[in-house]
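Chemist: Whole structure, please, built from the sequences with the hints as guidance.
Numbering (the UniProt record's numbering), first residue to last: 1 to 645.
These are calculated hints, taken from the structure and not from any lab test.
Do not rely on the hints blindly, as some may be mistaken.
[To be verified] Derived lysine-lysine pairs resembling DSSO-like cross-links, with alpha carbons at most 27 Å apart:
(1) K146 with K157
(2) K515 with K462
(3) K184 with K170
(4) K283 with K261
[Unchecked claim] Simulated restraints on C-beta separations:
(5) A326 with L154: 19 to 25 Å
(6) L432 with R599: 24 to 30 Å
(7) A376 with L435: 23 to 29 Å
Note that CB positions come from ideal geometry on N, CA and C, so glycine has one too.
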Amino acid sequence: MLKTLLVQWLVFFFFFLIGSVVTAAEDDGSLSLCNCDDEDSLFSYETILNSQKVGDFLIAIAYFSIPIELVYFVSRTNVPSPYNWVVCEFIAFIVLCGMTHLLAGFTYGPHWPWVMTAVTVFKMLTGIVSFLTALSLVTLLPLLLKAKVREFMLSKKTRELDREVGIIMKQTETSLHVRMLTTKIRTSLDRHTILYTTLVELSKTLGLKNCAVWIPNEIKTEMNLTHELRPRIDDENENEHFGGYAGFSIPISESDVVRIKRSEEVNMLSPGSVLASVTSRGKSGPTVGIRVPMLRVCNFKGGTPEAIHMCYAILVCVLPLRQPQAWTYQELEIVKVVADQVAVAISHAVILEESQLMREKLAEQNRALQVARENALRANQAKAAFEQMMSDAMRCPVRSILGLLPLILQDGKLPENQTVIVDAMRRTSELLVQLVNNAGDINNGTIRAAETHYFSLHSVVKESACVARCLCMANGFGFSAEVYRALPDYVVGDDRKVFQAILHMLGVLMNRKIKGNVTFWVFPESGNSDVSERKDIQEAVWRHCYSKEYMEVRFGFEVTAEGEESSSSSSGSNLEEEEENPSLNACQNIVKYMQGNIRVVEDGLGLVKSVSVVFRFQLRRSMMSRGGGYSGETFRTSTPPSTSH
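Modeler: If you want it as structure tokens, here you go:
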């Protein structure tokens, strides 16, 4: 800049001098001769000579200083070998020019004769060196121009590198901003806090006027303005003018909304856009919008996620209106990356919220299970206490009866029929005690094994017939018994289970509403249970059974009804009642437990007519003789049905 001003000043001074001379000539009318002899003039002869002498000395000093500077800088730099001769010629030319001016300074006054000779010689040398230097410049100028072109190319390359460095620096700055925004966004695990932090940090980084988030409603028909950087209550005038934007909604079918949701990139919004005008509160500056996926947790079934409809929110960013600024590529990249990070952060927050909700539900269910467990424990304790009380209440009188019965039989003076009754009472009491004990064992989680021992089968049959007669008479049934004498007396088995099964079979028949005569029969099993054929096969069955170590005995009850011609409707209801009879189920369980067989025969009305079971007992040959020989006779006792029912 200073060099340019100096050149302009010298040109101006040169033209000023020429103009002054021309003006003076026009004033005089003709060019006058130099008035060098005038001693009063500024440019006198002596003054001009002294000035020229001083000028020559100054020029000589300047010429002598230039080679010194060239030698100094050339020694400091690596000048290529083709340019060394040119530099030397230029130095010689400068030195000779300086010597010419130095010697010329001594010629303006009296001087020695050799001075003119030296001036002539140095001028000749200067002319020769200057001519050679001019010839060298013919070959040097193209190289200098080529170097200039290379310099221009290098400067252009430097500018391109500077531009690339600027882009890299902007990218680095963008990545730093994105990393900072991502760190701020990831500091929270709440959806609302994440969105608000995004708006604040994005506004600080990009210098936004406003930033807002639009989220679709539950039925996906409208977009609601749920989060924004500047609350609407801060600008009352704009609220009055635009009617307020708090809770503002726009249809989801709006063109800008549809365009933003269909694209993954950042979309520019026009000034007339509803999203831009509402977000910027009136006149909008440069506005952009981008979709933000609202990710949700998929329901997994068998390892395959269900296909769900993706839901998108919209992030709208507005630059200030008065600022002459447009969105740059780096700013758009920041907005895009931030939108992706917000989507990931919101998905993590949703997963955490659902996990927390599931944890709370599980904790609530656990508390409910604990309460139910405590209630069940208290109920079990109450049940156990009640059963223990009932067991004690039932055991005490039964044990009292069992204690009194031996005293009754102590004298041995009772008739046989009364002795049978007392034995039946004893067996019934023992069975009741066993049932109470079994119920307690089941509640305690223990099951007693079968008690197999030798017992008198005749006694069991007599006592069963006695109890059956009492029950039949009490319920208005007649009773008769048919027992074969060929049965062995002592067998191996569980007499209590046999007695219990007989009572359950009788209980099945006692539920009939149609009374009749009940027949209790006991005979060896031969594979045919028809009563009409019992006598014919009696001897063959007995011999067949005694030829083995085991014997199968059938116990059964059969009812002969007095009024069998009943309506079918009553039989249907009775059949339903029979199917729900607990005695039959208990009898079936006992038979299954003892590996026996049960047979139930119904009449034409669907009522149970007969029930029979087959039990297998082990025999001992040493005890076969105690049962007596085969006689082909049976015990026959009968009691007519009661007429009071």
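Chemist: Hints first: check each against the structure and report whether it holds.
Modeler: Hints, verified against the model:
1. K146 with K157: Answer holds: K146 to K157 is near 16 Å, not above 27 Å.
2. K515 with K462: holds (24 Å)
3. K184 with K170: Roughly 21 Å separates the two Cα atoms, so the pair holds.
4. K283 with K261: holds (24 Å)
5. A326 with L154: 19 to 25 Å: At roughly 33 Å between Cβ atoms, L154 and A326 fall outside 19 to 25 Å, so the hint is violated.
6. L432 with R599: 24 to 30 Å: holds (27 Å)
7. A376 with L435: 23 to 29 Å: holds (26 Å)
When each numbered hint is compared with the structure, a violation occurs for hint 5 only.
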